[in-house]
Amino acid sequence: MIVGLIVAAVAPMVFSTLAATRLTSAGETLAAHLSLAKQLATSRNEPVEVRFYSYPDPEVPGSKEEVRAVSIMRVTPAASLATAGTVAMEALVPIFYLPSGIVMGKATALSPIFAGSLLTTQSDNEHVIKRSGRATYKAFRFQSDGSPNLATLMGSYKPNQSYLTLVEEKATGATNDIPKNFYTVQIDPSTGKTSTYRP
Amino acid sequence: MKTYMFIKTQCTGYRKLGRTLAFTLIEVLLSMVILAMIMLIVTQVIGQAQKSWKAASSRVTQFREARAAFDTLTRNLRQATLPTYNDWLYGTSRTPTKPTDVPTGIQKSGDLGFVADRSTTLVVGGGSGDILPGHAVIFQAPIGLSDTPASSGGSGALEYAKLKSLLNARGYFVRFGSDSDYVPVALASKLQDKYRYRLYEYRPPTEINSALDTDIAAGDWAKIPSSGNYIVPVAENIVAVVIGLSFAAPEASSAPSLARPATASSSSVPFFSAYNSYTGKASGGSGTVGLAQLPRAAQLIMIAMDEDSANRLAQQNGSAPPSIISGSGASFTDPTVYDQDVERVRNAMQRLHINYRIFSAIIMLPAAST
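Which chain is which? The protein sequence lines are H and V, in order.
In terms of the numbering used here, the first sequence opens at residue 1 and continues consecutively.
In terms of the numbering used here, the second sequence opens at residue 1001 and continues consecutively.
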């Protein structure tokens, strides 16, 4: 009985620690993915596009459309004059799906990169996300020198608005505040260097 | 279910003893207390191991960042370019006062420039020597950085992305300050300002490169703003960058006449700690160097410290710079005694118990003409 009481007292802390560990792991993987995209652009000497896919969780009925996956795509030139102005995409690494229950916050305070019309929302016509038939994505590019085009899209150098935040899905909502448990990944809009912030 | 023990008796064989003895509540509680004490000791040991691992990891990460910054600096500096041409000289000026003026000589000229000097001199509106330690440098290089959005090709495509040799101005300097402009907006109220020495890169796009703009005075572009859109932090905890410049043997010190081409008049190699290719002024060394000369070699020294040391200094000094370089007595004004200056800085950092690393390299600039 005493052991049971101790376990009952410790259990909530264990659950929150587990959730924090999952969030940290997802955040570190995301930061590594962004660094990998920068490195691929430099080593291949060609632009690389990083896409953030939004879709409802197919395993949770009634879930909302949230950013749940990241892909790194190679930007290939148009194959012919007839398709000039369009680009064909090729995935360079397997898609990184965020763990279930963890999403990238879309509120302005959580992820200003996704706010407004900075990045255009496009439909996943190539059906990159097999888990959902109605995914959309927003994307930015790393140029061949490893620098992202975020400064160009923003119009000026605003590193304090060039970040995205991972949170638990149950913590997202109408509120614009950062929840207690979060993992923020900042991308320098000029150099592409990633920095991470954790409570 | 009851369990029974049996003991062997002399006469009748085995006799049932009774129920198994079990632990009392006191014994269980006592054992749990002992277990808790053991767990406490183990937790402390794990915590200590974690601290040690974190300290070592931060040192590795910190100096990896510093090494990457040094590589970036050396790679870009190696690309510095300064094409020169011979221009007519009218007395002391390159432009005649009237159309009938006859040239009096030939002068080597270059529209792109190379300027290296103390950071306090080169960085506009920057601050004192403790806030802007060491040297700064600004030059032109075919880096290919542009920012004009493309009319097609998808969101984020750049119009001139394929023009990899576009000319860009590029500059580097170290400055002490806070990161309040850099921290994510939503976290600004949750985080304390972090005061550190940082290496900054001045990286304007080619669209605003005014080196060839005839509407501005020659060399006016060669100034580094202390802040703005194109000032980007490259690495933290870079205490200073020091530059020494070596030039090819000079041409004849007097302006050559039209009938006689320029010839080298000295075999000594000039070296300086500061040089402006537009004015030809050089200081902190010896020798003769003229206008529009790109150094044939540059000695780069970069002094970095780890985050733990920087954090400790920040707690001691707050928003005031720690004055590591000025406090060491190193002046870094003469490249021939840079070794002695570096030794002074080493001693100062050891006295302050700072974990540091010094990166040094001599870079050849292929574009330098002899």
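Just so you know, not all the hints are guaranteed correct.
Said to hold, decoys possible - DSBU-like, lysine-lysine: derived pairs with alpha carbons at most 35 Å apart:
#, chain 1, residue 1, chain 2, residue 2
1, V, Lys1098, H, Lys158
2, H, Lys64, V, Lys1190
3, H, Lys64, H, Lys106
4, V, Lys1281, V, Lys1164
5, V, Lys1108, H, Lys158
Derived from the structure by calculation, the hints contain no laboratory data.
All of these numbers come straight from a predicted model, not from anything done at the bench.
Evaluated hints:
A hinted pair counts as satisfied when its Cα atoms are at most 35 Å apart, and Lys1098/V with Lys158/H does not qualify at roughly 50 Å. In summary, the hint linking Lys64/H to Lys1190/V is supported, as the alpha carbons are separated by about 29 Å, within the 35 Å threshold. A distance of roughly 12 Å separates the Cα atoms of Lys64/H and Lys106/H; the hinted pair therefore holds under the 35 Å criterion. Proposed proximity of Lys1281/V and Lys1164/V is supported: the alpha carbons are some 32 Å apart, at most 35 Å.
For the hint pairing Lys1108/V with Lys158/H, the CA-to-CA distance comes to about 42 Å; that exceeds 35 Å, so the pair is violated.
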